[in-house]
Each structure stands twice: as C-alpha cells, then as structure tokens.
Amino acid sequence: MAITLRAMSDALGGQLHASAQVGMAAVIQGIAPLATAQRGEISFLSHIKYASQLQQTQASCVILLESAREYLPQHAACIVSPQPYLYFARLTQWWRAQTSTPVPPGIHPSAVIHPEATVHPQASIGPLCTLGARASIGAHTRLVARVSVGDGCILGARCIVHPGVVIGADGFGFAPREDKSWEKIEQLGAVRIGDDVEIGANTCIDRGALDDTVIEDGVKLDNLVQIGHNVRIGKHSALAGNAGVAGSATIGAYCTVGGGAVILGHLTIADHVHISASSTVTRSISEPGLHTGIFPIDKNDDWEKNAVTLRQLSKLRDRIRELEKRLPASS
Amino acid sequence: MAITLRAMSDALGGQLHASAQVGMAAVIQGIAPLATAQRGEISFLSHIKYASQLQQTQASCVILLESAREYLPQHAACIVSPQPYLYFARLTQWWRAQTSTPVPPGIHPSAVIHPEATVHPQASIGPLCTLGARASIGAHTRLVARVSVGDGCILGARCIVHPGVVIGADGFGFAPREDKSWEKIEQLGAVRIGDDVEIGANTCIDRGALDDTVIEDGVKLDNLVQIGHNVRIGKHSALAGNAGVAGSATIGAYCTVGGGAVILGHLTIADHVHISASSTVTRSISEPGLHTGIFPIDKNDDWEKNAVTLRQLSKLRDRIRELEKRLPASS
Amino acid sequence: MAITLRAMSDALGGQLHASAQVGMAAVIQGIAPLATAQRGEISFLSHIKYASQLQQTQASCVILLESAREYLPQHAACIVSPQPYLYFARLTQWWRAQTSTPVPPGIHPSAVIHPEATVHPQASIGPLCTLGARASIGAHTRLVARVSVGDGCILGARCIVHPGVVIGADGFGFAPREDKSWEKIEQLGAVRIGDDVEIGANTCIDRGALDDTVIEDGVKLDNLVQIGHNVRIGKHSALAGNAGVAGSATIGAYCTVGGGAVILGHLTIADHVHISASSTVTRSISEPGLHTGIFPIDKNDDWEKNAVTLRQLSKLRDRIRELEKRLPASS
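Protein chains in written order, with the working numbering: chain A, 3 to 333; chain B, 3 to 333; chain C, 3 to 333.
Chain A extracted, bound-state conformation (with noise of 0.2 Å):
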C-alpha cells in the first residue's frame, strides 16, 4: 500500500505544508532521524534550537514548528505542529498500524496458564509464559513472550509486558534467627498493576509481604529493573534501565529515575521528583526538580589522586577551620 503525505496529514492533524517538488499526493516510504533521512523519507525537528540540522537534511517531509519553517530546505514539504516530538509518537503508532498486522488476542498453546487465572478475552498471551493462581490479566493488554505472573497478580487493561518479565515473585524478606541463618517471611500479598504501564524486558517486579506491591496506571519501567516488595509507583513515573528500588519504598507521580539509580527502602518521593542515572536515593526527598550524586569520571590517574585526597576531607575540612582561626578575618 502507498502512504501520502496527504493520507498521513488526514488521519493526524496538523498543518500540511507541499513544496514544489513534494505534493500532497507524495508517496513516503518510512521515518527516519533528520541527519541520515533521504528523499522518500519523514523526518522531525523536536526543539527549534536544533533547527539549523534542517538545512542539510534530504528528508522530503519534516514535522516542525511553525516558528521553524524558515529554516527548512526548499525542496522539503513539511507538517506544522505545536508538539512535533508527539506527533511523530503518534505517527509511529500509525505508521505501524499501516504496515504491520496487529498482535491477535487469545493465549499462545506453549503458555502455562493456571486453571483459576483470569485471561480477558482481548488481552494477548505469547509463547512460553505463565499465570499462577487467580493472576488476572486486563483487556488489549499483551505479554510478549516469556513473562511469569504469579499467584494472585493483577494487570490492567491495554499494558504491554515484554519478554523475561516476572511480576510477582517473593519480595526479599528474612528474620535474622538466634544464630545469625535467616528465617523465611512469606510473602503473602500481590501486586496489584494498573492501566497502561509498560514493563520492559527481564524486569522483576516482587509480590508484598502482607499488602500489595502497587504500580500505578502509565507507569513505565525500562529493562531490567527491580522493584521490590511494597513499593508504591505513582502514575505516569519512568524508570530507566537497571534501576532498582528497595522494599516499601513510596515513588509519587510524574516522577521519572535515571538508568542505574538506586532508592532505598521505606523512602517516600514526592511527585514531579527526577532522578539523574546512577544516583543513589538515600533519604525521602519532598522538593520537586533534579536530584544527582554521581562521582565524576575522570582519567583514571586524575581520579586516583582526587579519590585518595577524598578520605581524608574532613580532616582537609579540619585543617581549613585551624588556618581560619590562626588568621583572623580581615575587616
């Protein structure tokens, strides 16, 4: 099938700009970033102050704003849009949607399902997964291949779950016995997953101890992240790559935790609250905006010298305190 910038522009919005060598009627054959597009192509400009990367590109299409139009090439034809990096979202979705048939409902033969879980009929099952005990999966939501939900489980409606995931394993917990061995808590409750989240791969998601684990409607968690028993994800927070988050730990919502960053356990964050990547959360944090401590990398000799000095800066502290005192202020 051929799609046109014209069929592109009705089913999306946003204002069709042709050019003289690019119609309405133009035939585009994919997406593509503005440096390595060619002519066939769609491109986009997310923020104006990348505008000058327009001038080079050979993409026939770019999506902008109005304010960038003038630096566009003349042989290009563009799509006027308040939010250009939304509208290439949606462009992809609809690109898809074009090109590719849609993933069917039902449950995948080789998955394990429990005779007591819940499967709605629109929701998508894939290969090799399984559901426990009274685990309950919601409408148009799909686990891709490989994912284990336990006992009790819920996801709501329209998630997707990539492969590796295991939502409701036992949550880290242990009493210490007489002799220092550790006596098993059982971890008697679930976790309760609402709308639209998106899980990614090898994620761990652990059941609670006596409530629920909770991850809130459009929560997004990239690969490989821990989240442990109890904690509270409130909506529309993203987690990147490899971040974990320790038991009973509370996230609000909006907030977004960079790739690596740890948060320790029983903290509360509030919402709009952003986490740079491998920074360590180890106290609650109430006031919104940017949160980092991250050792800066250095040429290993630097850092060497910088590091040893470290170990001694309260005493530098100290010896700066003495010298202050020996000098008196200047007035």
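These are calculated hints, taken from the structure and not from any lab test.
All values reported here derive from a predicted model rather than from experimental measurement.
Treat identical chains as interchangeable: a pair holds within one or across any two.
Here are the simulated DSBU-like pairs of lysine-lysine, each with C-alpha atoms no more than 35 Å apart in a straight line:
#1 Lys301 - Lys51
#2 Lys186 - Lys237
#3 Lys301 - Lys186
With chain A's structure known, arrange chains B and C on it following the hints.
Structure of chains B and C alone, referenced to chain A:
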C-alpha cells in the same frame, strides 16, 4: 477454616494474653502492618523503639516484647515473644500452610529435563524450566518456573529458585589475541549450591572456569544479582537486588551486600562484613562491620558545584598545604 | 580416552619440555589453577611477575613463558609459549572438544519459531526459545535456552547466546503528552548482531526506534547487561555484568566497560577506551585509556564524615580562596 489466636499460639509458642474484647478463641482474618491493621487482624512490633505506634493500632492482637506490653491499647490481645520479628516470620509460614495447598513435588510436563539430570522425588520443577546433563536438584527444592540449570550444576535441599534464574551459564572469560580480538576460555567448572538457598528472579550464577562457583548453605540472593565465575559466597550471607560480584571474589559467611553494590574480582571479604547499597568494593575487606561508598545525592545545582570542585580536590589539598607552610604553626 | 602431553602440544603447538618425572606420553587428567593443581593436571602462568607461584605447584605440566622456565620445579614438565594465557584459552577449547559431545545443530522441539524466521541449518536453537517474524540466525550460532529474538532481528555466525537473553524488545521511547502522561513511540528499527558475538545470561538488547541497534563482530557482553535502542558497539569491545548503555550511545571498537558501569545516552566513546567498574560516563570520551569515577569505599563512620563534608566542597574551595587572598603569596 477459622484460625484462632489459641491455634496460633499452640502452634508457634509465645505467651498469649487475651483482652476483654479479644478472647483466645477469637478468629484472626489476616496479618497486617501495625499502621494499617484492622479489627480481626494480627500485627507485630519488632523493636521497643517503635512502641508509640501501638497507640493507634486497630489490630486485634500484636506480637511484642514483654517490655512493650504497657503501651498496648486495652482492646487488643497480645502474644509476648523475646523475638517478635522472628515470631512474625514463623507466623507467615504457618499462615501459608493453613491457607494454601503446598506445591506438590514433581516435574511439570513443560519442563525440558536432560535424561542425565537428577531430580529428587521430593523436588518440584515448575513449568518451562531447563535442566542440563548431570544437573542435580535436591529434596524439597523448588524451581518455581522458567529456571535454567546448566550441565553439572548442583542444588542442595530446600532451595527456592524464582522465575528467570540462570544457574551455570558460561563465566565471562576471554584471552586477548594478538589482534586484540577475544579467544573464548571454555568454562569447564560448574556451580555448587548448598541447602536452604533462595535465589531471586532473573538472578545469574555463572559456572566456574576450571573450579566450581560455590554458594554455601543458607545464602539468600535477591533479584537480578550477578555472580561471576569462581565466586564463593559463605553461609547465610545475603545479597540485595542488582548487586554484582565479579569473578573469583570470595565473600565470607554472615555478610550482607546492599542493592546495586559491586564487588570487584579476586577480592576477599571477611565474615560479618556489611556493604551498603550502591557501594563499590575495590579492595579486600578484613574488618567486620559496615562499609560504605556512596556519592551523597543533592539538588542537581548543588551537586554540580561540588562535583566540579571534586575534580580539583588533590589541588585543593596542595593549596591547603601551601597555606599551612606560609602560616607558621601558632604556639 | 587418554589425553597425553604429546597429543596436546601436537594439537596446540608450543615447545613441550618433559621432565624426569613427567614424560611426553604422560596422561593429563584435568586443567587447574596453579595454586590448586594436583599431580596429573596441567596449569598455566600468565605473567612472569607471578613466577614465584611456580615453586609450590603440584601441577605435572605448566604452560609458561621461556623466561619463567628457570622458576619451574624439577618434577614438572612445561609447554613454552610466547602467550601462555592465550595458549590456555585454546587448550580449554581443545579439551572440551576431546571430552564432550558438541551440541548438534537444529531446533529444539519446544522452541517457538515464527514461520517467517530464518535459521541456518548449522545453527542450534535450544529449548524454549522464541524467534519472531523475519528473525535470522546465522551458521554455527547457538541460542542455549530460553532466548527471545524479536521480529526482524539478525544474528551473524558463531554467536553464543546464553539463557534468558532478550534481543529486540522495544526500546524505551515515549513522548510526553500535554497532561504529562506518555505517548508510546513505536520502535520500528531492529537489532543487527555481527559474527562471533557472545551474549551473557539475561542480557537485553533493545530494538532501534527508527534505525537499528548494532552490535559489531566479536563483541562480548556479560550477564544482565542493558543495551538501549540505537546503541552501536564497535567490534571486539567487551562489557561486564550489570553494565548499562543508554539509547543512541556509540561505543568504539576494542573498548572495555567494567561491571555496573553506566553510559548515558547520545554519547560517543572512542576506540580503545576503558571504563572502570561502577563508573558513570556523563560526557563523550575521545581519549583512549582508562577512565574512572567511583566513590572510594570506607568504614561507614569515616565515609559519613567525608560524605557530609563533600556536600560543602564548593564552599570549602571558597574558604581556601579567601585564605589565599588574605595571606599574600610568599616571595
């Protein structure tokens, strides 16, 4: 079935003290944290320092220390134990035994078992597991689902292995060739795991290069933990989520390693060492106790100022020395 | 079958020097590290600096440099090689070929293969793998077990992919909507993996958003590594366990990345760059060599004092400046 306080204390011990409102025959509906427990539920107070939380609880019964009894609201019954948290752990186990059907031993028909693997008749191999040649699974050990155990790897008795775990993949061993490409070192060792070990979802334990990788009795590994080849972890040590132990490191007994911590290769960690979350162990540790290395998190602007200065730290030290030289010691 | 020293050196080269006690026809039972090798075993000495370890060894034969021969105990035979560690690597491969049946090519009946996937007749697809539409697996490549390869993703020849690996899950791409919820960006690219790549257990390589994610020939990825969408990793680079590379980062050839390290998105790392374990790369690196950023670990009390002071570091610098102003330079 009805679970009464009397049945509970008959099974688990402790001194049960009924109250005017809650008799020994009172039926308990569930276990809950102090803060959210409702009438008909049992809770616990682990430390006397949290005794003030007792005042507000709606729990019908609380497991507590003798010294905490005076803070208990009149309406509530209690069970006195010298170790309330350990009592609670055992209660969760007894509770599960009363309310759930135990997982029966046997091999799920979807599991792929090498004909030369050995599975104890009292072990449970869940759906979609794979066992390699000469793999051996001990009595009452449970592979929950989607667990892979490689050739020659051995698990003892009463282990619990959560979904997605990989035991006995090849260790990461390569020798550089003349042209700086890599020659694979075949990993000829295996993995030996003791009794009462629990392994969290998607955790990986690599086989040894020549000797075996060894996990001793009672070790607990959380989710997404990486154990390199020829690592040895001493009995009853516990490693939290996303932790990584590089090849040939030896961790003693009764250690704990926090989430996201990294232990470099070929190091030796003594017994009873505790590593804080996110810390990186770059040298052997012989002294028991808590060891930490975390960059403190801060508002991003404050972090940036301090991080920039950190790159000049050894120069700052030199400037302090210079000042000290120029300002003779006060006497 | 009997493996003799003569058979070994016939197959692998090097100069074999028998001893009075160990002749060329001596049978070797196993390979072991110098420290634990017993009579009848072969070992290796990788560097002359470890030559003192030779004195105590019980090994019947040691692979070593010519210059190390003088330290060898009289009882032992030796094989002289200019690169003993590389010789040892090749020995492990030859040893495995002598002692094990090779994994036969073919597709395990429990694997779920899309009818439009392509598997080379000399490839081996292990149990419980899934291959999507137009996935392609090259000659002599082995998916060990429970590996998922998504639609359109391509692996070259002679790759080894360990259990739990996910290739071609969706990259983590979302555009913010007006209400700060997330609009999914369909991931329309795929993953292209070259020849001789090894991928560790539970590692994830995401498909590209528009272009492909690319892993070049000879790359080695350890366990639990996260590779974001549109990342490119140059030939013969090696990434250790729990490392994470965020979207659109480019890593050069012949790089190494230590365990738990994080490389932020859209950065460029030159060829021959080495990143220490646990370090976070926050800017592009053009200079080859070792780069590090780790907070030094310490006893917790000492760490706490230094960490508190670190939060005031830029103020300490200001106080040093002030002192310098007040104390004129000595001349």
